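**Student:** Chain by chain, the residues run as shown.
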Amino acid sequence: DAGITQSPRYKITETGRQVTLMCHQTWSHSYMFWYRQDLGHGLRLIYYSAAADITDKGEVPDGYVVSRSKTENFPLTLESATRSQTSVYFCASMEVRDNQNAEAFFGQGTRLTVV
Amino acid sequence: GDSVTQMEGPVTLSEEAFLTINCTYTATGYPSLFWYVQYPGEGLQLLLKATKADDKGSNKGFEATYRKETTSFHLEKGSVQVSDSAVYFCALILSGGYNKLIFGAGTRLAVHP
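As you go down the protein sequences, you meet chains A and B in turn. Last residue of the first sequence: 475 in our numbering, with the numbers rising by one and none dropped. Last residue of the second sequence: 372 in our numbering, with the numbers rising by one and none dropped.
So here's chain A without its partners, still in its complex pose:
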């Protein structure tokens, strides 16, 4: 099925463990994004990628690592999870045409709890 999928949908992990959240899109969109959603903060950009092997930091990158070896995948890794990283994580993909017209498509989200 075409679309953007995140896995897992729910994850509980312990402080200090490494966790990887997966994101896969089937459209071959150039741009992909990772956001975290927390009450009172809305959506905050963690990392984004303009193409395979091109990534850049967003507003809140500390404690996270990303890679993009293939256009369709954009995994987000928490190298040593902390309680403050308990959040709902959203992945999005987007294609930009004419340098203007764009629409981002979002995954269903991953609810991560760090205990």
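These aren't lab readings, by the way, just hints derived from the structure by calculation. Just so it is clear, the structure is predicted and the values come from calculations on it, not from any experiment. One or more of the hints may lead you astray.
Unchecked claim - Within a straight-line C-alpha distance of at most 27 Å, the following computed DSS-like cross-link-like pairs (lysine-lysine) qualify:
1. B:Lys359 with A:Lys417
2. A:Lys430 with B:Lys359
3. A:Lys417 with A:Lys430
4. B:Lys311 with B:Lys327
5. A:Lys371 with A:Lys430
What the hints assert, rightly or not - Selected chain A positions facing chain B (in silico; Cβ < 8 Å):
6. Gly402
7. Val425
8. Ala462
9. Ala464
From the three backbone atoms N, C-alpha and C, an ideal C-beta is built for every residue, glycine too.
Please arrange chain B on chain A, whose structure you already have, making use of the hints.
**Tutor:** Using the frame of chain A, we list chain B on its own:
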């Protein structure tokens, strides 16, 4: 830096009331502007967009006009329904080079019968 500011919620309305959710932005350059909606338990989906000054985006009875002079993109609907209850996010894309998609904090709308 570049940012989006939305009115704080929650906004609580009765069915058929008029809705306005304010959004202003700060950006270097000439962004494209968007409204996204998030229904409970779901990801975000595009509601409407505008790519240049004075453009009006519209969808499902919602409208927003790109006002460059006031750097605003306020969302309006003439008559809300219970099914419009959701969180609404204003967003911008900074064009050129890296197309970074930046969101406001979101405004929760609750519509009661």
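**Student:** Look at each hint and say if it fits the structure.
**Tutor:** Hint check results:
1. B:Lys359 with A:Lys417: Since the Cα atoms of Lys359 (chain B) and Lys417 (chain A) sit roughly 10 Å apart, the hinted pair holds (cutoff 27 Å).
2. A:Lys430 with B:Lys359: The hint holds at about 20 Å.
3. A:Lys417 with A:Lys430: Answer holds: Lys417 (chain A) to Lys430 (chain A) is near 18 Å, not above 27 Å.
4. B:Lys311 with B:Lys327: holds, 8 Å
5. A:Lys371 with A:Lys430: holds, 24 Å
6. Gly402: holds, 3 Å
7. Val425: violated, 19 Å
8. Ala462: Since chain B brings a Cβ to about 6 Å from Ala462 (chain A), closer than 8 Å, the hint holds.
9. Ala464: With a minimum Cβ separation of about 6 Å from chain B (threshold 8 Å), the hint on Ala464 (chain A) holds.
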